[in-house]
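Line by line, the protein sequences give chains A and B. For the first sequence, the residue numbers in numbering that gives the first Met the number 0 are 0 to 663. For the second sequence, the residue numbers in numbering that gives the first Met the number 0 are 0 to 435.
Calculated from the structure, these hints are not laboratory results. Cβ coordinates follow ideal geometry from the N, Cα and C atoms, glycine included. Heads up, some of the hints might be wrong.
No farther apart than 25 Å at their CA atoms in a straight line, the calculated lysine-lysine pairs in the BS3-like style are these [claimed, not checked]:
1) A:Lys1 to B:Lys73
2) B:Lys354 to A:Lys313
3) B:Lys73 to A:Lys306
4) A:Lys618 to B:Lys351
5) A:Lys313 to B:Lys351
To be clear about the criterion: a stretch of chain A counts as covered by chain B if any three or more of its residues have a C-beta under 8 Å from a C-beta of chain B, and this derived list gives those stretches [said to hold, decoys possible]:
6) 16 to 29
7) 71 to 84
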Amino acid sequence: MKIPSAALRQLQKAAGKENVLTDDISLSLYAYDCSLSRTRPDALINLPSEDSLAPILRVLHKYRIPFVARAAATNHAGSCTALNGGVILNTAGLNRILQINTQEGYALVQPGVITGDLQDRLAPLGFFYAPDPASQRVSTLGGNLAQNASGARCMKYGGTIDHVLEADFVLPDGTEMHFSRRDPGPDWIGLLAGSEGTLGMIKRMKVKILPAAKHIKTFLVTFPSLADSVQTVSDLAAQGIIPRCVEAMDQVTTRAVEEFAHAGYPTDAQALLILELDGSPAQIAQDEKQLEDICLKNHAQQFIPAKTEAERQKLWFGRRAAYAAMARLAPNVMVGDGTVPRSELPRALQKVRHILDEHHIYASLLFHAGDGNFHPQIVFDERNKPDTIRVTRALKEILEACVDCGGTVSGEHGVGVEKRAVMAYQYDTPTLDLFAHIKQAADPLDLANPLKLIPLDYASKARPALPPEPSVRPLAQALADRRQAHAPILIVGENTRLRTNTFHTLSTRPLNRVLEIDKTNYTATAEAGVTLKELFEALQQSSVFCALPHGHGTLGGAFASGCMPDFYPHVLGVEALLPDGSYVRYGGKLMKNAAGYHLTRLFAGSQGTLGLVTQLTFKIFAHPIRPVHVYPFVPGRVNPLWHALKTRLDPEDLFPALPGEPYV
Amino acid sequence: MSDFYTPQLDPLHPTRHLKVLDTPFGPRSVYDSVSFCNRCGSCQQACPTYLLTAQETFSPRGRNQLVRLIAEGKLKLANNRALAEQALNTCLLCGRCTQACAGKIPTAEHMLELRRALRSQPLPRLLFKLLSCRTSHPHTFARLVRTGLWLRRIGLLRAARACGLTHLPGLNWLNHADDILPAYPARADRDAWREARVNPPADPTLLYLPSLEAEFFMPSLALAVLTWIRQKHRPLVLANVSSGLFAYVYGDLRQSRRQLRRLILRHGAVQNGTLPLLTDSVDVYLFLRRAPQLFAAWPHWQKKAQQFARHVVFVTDFLSAKAISADKSARVRLDCGALFAREGAPFDQARKILKTHFKKNFVECLYKDADVPAFGYNFVRGNLGEKICMSAVQSIARTQTGTVFTLSGLSALELNFYLKRFYPQAQADHFARLNG
Numbered sequence: 000m001k002i003p004s005a006a007l008r009q010l011q012k013a014a015g016k017e018n019v020l021t022d023d024i025s026l027s028l029y030a031y032d033c034s035l036s037r038t039r040p041d042a043l044i045n046l047p048s049e050d051s052l053a054p055i056l057r058v059l060h061k062y063r064i065p066f067v068a069r070a071a072a073t074n075h076a077g078s079c080t081a082l083n084g085g086v087i088l089n090t091a092g093l094n095r096i097l098q099i100n101t102q103e104g105y106a107l108v109q110p111g112v113i114t115g116d117l118q119d120r121l122a123p124l125g126f127f128y129a130p131d132p133a134s135q136r137v138s139t140l141g142g143n144l145a146q147n148a149s150g151a152r153c154m155k156y157g158g159t160i161d162h163v164l165e166a167d168f169v170l171p172d173g174t175e176m177h178f179s180r181r182d183p184g185p186d187w188i189g190l191l192a193g194s195e196g197t198l199g200m201i202k203r204m205k206v207k208i209l210p211a212a213k214h215i216k217t218f219l220v221t222f223p224s225l226a227d228s229v230q231t232v233s234d235l236a237a238q239g240i241i242p243r244c245v246e247a248m249d250q251v252t253t254r255a256v257e258e259f260a261h262a263g264y265p266t267d268a269q270a271l272l273i274l275e276l277d278g279s280p281a282q283i284a285q286d287e288k289q290l291e292d293i294c295l296k297n298h299a300q301q302f303i304p305a306k307t308e309a310e311r312q313k314l315w316f317g318r319r320a321a322y323a324a325m326a327r328l329a330p331n332v333m334v335g336d337g338t339v340p341r342s343e344l345p346r347a348l349q350k351v352r353h354i355l356d357e358h359h360i361y362a363s364l365l366f367h368a369g370d371g372n373f374h375p376q377i378v379f380d381e382r383n384k385p386d387t388i389r390v391t392r393a394l395k396e397i398l399e400a401c402v403d404c405g406g407t408v409s410g411e412h413g414v415g416v417e418k419r420a421v422m423a424y425q426y427d428t429p430t431l432d433l434f435a436h437i438k439q440a441a442d443p444l445d446l447a448n449p450l451k452l453i454p455l456d457y458a459s460k461a462r463p464a465l466p467p468e469p470s471v472r473p474l475a476q477a478l479a480d481r482r483q484a485h486a487p488i489l490i491v492g493e494n495t496r497l498r499t500n501t502f503h504t505l506s507t508r509p510l511n512r513v514l515e516i517d518k519t520n521y522t523a524t525a526e527a528g529v530t531l532k533e534l535f536e537a538l539q540q541s542s543v544f545c546a547l548p549h550g551h552g553t554l555g556g557a558f559a560s561g562c563m564p565d566f567y568p569h570v571l572g573v574e575a576l577l578p579d580g581s582y583v584r585y586g587g588k589l590m591k592n593a594a595g596y597h598l599t600r601l602f603a604g605s606q607g608t609l610g611l612v613t614q615l616t617f618k619i620f621a622h623p624i625r626p627v628h629v630y631p632f633v634p635g636r637v638n639p640l641w642h643a644l645k646t647r648l649d650p651e652d653l654f655p656a657l658p659g660e661p662y663v
Numbered sequence: 000m001s002d003f004y005t006p007q008l009d010p011l012h013p014t015r016h017l018k019v020l021d022t023p024f025g026p027r028s029v030y031d032s033v034s035f036c037n038r039c040g041s042c043q044q045a046c047p048t049y050l051l052t053a054q055e056t057f058s059p060r061g062r063n064q065l066v067r068l069i070a071e072g073k074l075k076l077a078n079n080r081a082l083a084e085q086a087l088n089t090c091l092l093c094g095r096c097t098q099a100c101a102g103k104i105p106t107a108e109h110m111l112e113l114r115r116a117l118r119s120q121p122l123p124r125l126l127f128k129l130l131s132c133r134t135s136h137p138h139t140f141a142r143l144v145r146t147g148l149w150l151r152r153i154g155l156l157r158a159a160r161a162c163g164l165t166h167l168p169g170l171n172w173l174n175h176a177d178d179i180l181p182a183y184p185a186r187a188d189r190d191a192w193r194e195a196r197v198n199p200p201a202d203p204t205l206l207y208l209p210s211l212e213a214e215f216f217m218p219s220l221a222l223a224v225l226t227w228i229r230q231k232h233r234p235l236v237l238a239n240v241s242s243g244l245f246a247y248v249y250g251d252l253r254q255s256r257r258q259l260r261r262l263i264l265r266h267g268a269v270q271n272g273t274l275p276l277l278t279d280s281v282d283v284y285l286f287l288r289r290a291p292q293l294f295a296a297w298p299h300w301q302k303k304a305q306q307f308a309r310h311v312v313f314v315t316d317f318l319s320a321k322a323i324s325a326d327k328s329a330r331v332r333l334d335c336g337a338l339f340a341r342e343g344a345p346f347d348q349a350r351k352i353l354k355t356h357f358k359k360n361f362v363e364c365l366y367k368d369a370d371v372p373a374f375g376y377n378f379v380r381g382n383l384g385e386k387i388c389m390s391a392v393q394s395i396a397r398t399q400t401g402t403v404f405t406l407s408g409l410s411a412l413e414l415n416f417y418l419k420r421f422y423p424q425a426q427a428d429h430f431a432r433l434n435g
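So here's chain A without its partners, still in its complex pose (with noise of 0.2 Å):
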């Protein structure tokens, strides 16, 4: 498309005539990233100011011009090409720390900043920035936000989804919002991380930052298969043990690591695990005695400590140049990117291998064997076609085997266009729908990253929509009757907290079951209606434990309510009814899953404005863990988003507001 000039004229006036580039190079050289897509933008907007960010949205929704977020552009997915041309708005220049403050334990940033600069500036200060992607260096913390990296120390202390505590951020149309994480109603910051710029622009960012460790222990652990490997991670979970770092690889990477760095890694093992633990030193070294055992019993071949600085660093050395050992072979390296439940993950190793091997790719494999995350490492030359059609078609079939081992496509890279078809194959319609209505909500011209995440004509190729479990059928029906009425009903569990005397509730106490506890994986699936006390009887019963606490009211009602915003990063699946009667399914056992906009946080908190919770999936634990805190509740106050949300999923209100919170 042609920017119009009366367009390009105010959007000089906002930006600066120099930042407003419309030249060849220009717009050839922001026509791509880490990926294999390429397309120009038709103009480009290097950002002088934060300030500048909602005048130059509001210009480009008047006039209807699409535009990207772009800063460091090293994903891997495709998240910041132009595909429908417009502009490309770049925010690299945006990379000033306003603020450290380590007394109350954040950062003030801008979402350039490059997250290696944090970590640097923090370091002095005995502080650090737990998100650790591999490209920290150069990638930045608006960008981490966007595609909600995680790294090494993911197992530990989780993804960016979890550290950034407010975020000012502009919708497409130019509204400017804040939101917290302390903030009643849905983890907006939850829906964002992963987003991929298609909800609109992140301003500034308050990310959590945390003391150091003082100490740290590394070990190198071979073992004679991925099996063993990846069941002394799941022995650790069960133990209580999560070390701050796990790293695997198979024996292919090894190899090629070893030829290429000399770092020192046993070469005859079938798979290597690079652990790393911190805390206290009497902490580290009962964890260790702990970490050896566990590793002997499942086979280690050696297990070997890094005694010295110098030799942690080897270690470290060696799996650094995994993508460096790759990257010297052939001009392109394609980084894939799959999760799947942990107990999978040597199924899904194997299908991996198979399918490397049947399309004759030669390709290294690492993976955070903590959260069954891996990464296929392909090497290939883009300008051979038929070499990078076969290379695309072999990812496309290790996406798809993923998904049936019960993963995600995506843990970390993100969906971006290269995975936006294979999102079709992993999520069914109602889900998918909800995807776009989200995009919708907050993006009805679909202006921001358009194109991208949700497939395109996907009613035809969407896997087929299952019914709802039989106990929540009652509900459903329920619903419906509900609807058909154009009466409203109060979503409530025990109602315990809403505390309401209407005749008009729909309670969730039916689905009352516990219905599995997954001692691999640890994981518990529970219906949203058992009570807090009934899970605990169940989790007893199987000797886990879980971060809730003890008290009155149900699972569904802890997670909605908004009472216990530290339990989100707990839950990794949930299915809900919606207002329209369609059920979606969103997670499961999985760690880490950064394909689609992440439900879990949208209904979190949600207080039974968008859906009714059936039901959840989430985190479990062998030892007891300090349950999170409880918040009185307080009803959500509307922001356009949310407003925006409600109107699309429930025109007829038939989840009415809180009292008080008019939402229509």
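Starting from the structure of chain A, add chain B where the hints point.
Just chain B now, with coordinates in the frame of chain A:
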């Protein structure tokens, strides 16, 4: 990789270009080499110009993609020449991106190839003519430089600056030259340096190729180098000999080859080319070490160049920590500003020597710490160069460094100018002048 079609940037003039580039993973054509960029962006934060501008056009990834697009015919230069020249001439050719790159992509070489294809001349015309004349008329060049220095000494340049004459188009470089050049060398130094040149040893054991700055502006540097090497060697000074680097970077590759051939022959003429050839500039060292890639189309010469390159040595090969008498309590650091590379033997050795001698007072640089732009960049892009130098000064001030050692004389001159203005507590000197 050469199975694929290899469009040349400049198909009608193959000799103006390198046939292949020597990369750590074997020889590659320019097109193959540039295609190895996976666009991962690891280089971005290593690039001083990207750090200043935050724009892809001034980043290594952007520059490599630019070369690729032009080579593939996807970007027409007709309407974009000025911008393309801006993108490539702002490149410092410092090799920091290559250091950060997993595939070790030689972006600096790609930039030079594109510069040659575009016949782009970033240096001011008069300065280019003057420096080019060193090859064609070395004696005239020497006389011109000495006259210039003398005129500067008697204050004529200062007067010209005061009158605003040096601000006339094409003469701006005189201001920067006047800023960075040291005072007129002391008579004792001049005499000692002349003595070293005019009285060659009968049976030399080493050839010394002084850099332009050591020969004409900093005889103290050349004398310091001679003092080190005379402990074990009898050096023969190759006075006023061009290495071919200037033509390689700013001029015609054919001329660079000619000069290099001459130097190879001269090296071969003394004791059958078995003597080490020492240089005091890391830029010249790195260029001479990669001399064989200039002769890929001429196997006979390539063989000779390979033999020659093996004999090229740098001052760090002759220095040892034991022989250093500098004050250990001073905080020192190493400025790694150089052409083409920032890693390899000279840098490792220099770092090791400094670390051994100064121990905790040796300041390790962060990966983003700026180095001074090398080989006359400040004459090409004064504004950008000044900002980069200022970043280097800020980093020096932040670490409270007392002395910064550089691996080329010109870098020391440039850095000293900025240090004097903005952080006079520190000073810069060439690594060879460790003992003062």
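Hint check results:
no., hint, result
1, A:Lys1 to B:Lys73, "holds, 20 Å"
2, B:Lys354 to A:Lys313, "holds, 21 Å"
3, B:Lys73 to A:Lys306, "violated, 54 Å"
4, A:Lys618 to B:Lys351, "violated, 50 Å"
5, A:Lys313 to B:Lys351, "holds, 19 Å"
6, 16 to 29, "holds (count 7)"
7, 71 to 84, "holds (count 3)"
Against the hints set out earlier in the document, violations occur for numbers 3 and 4.
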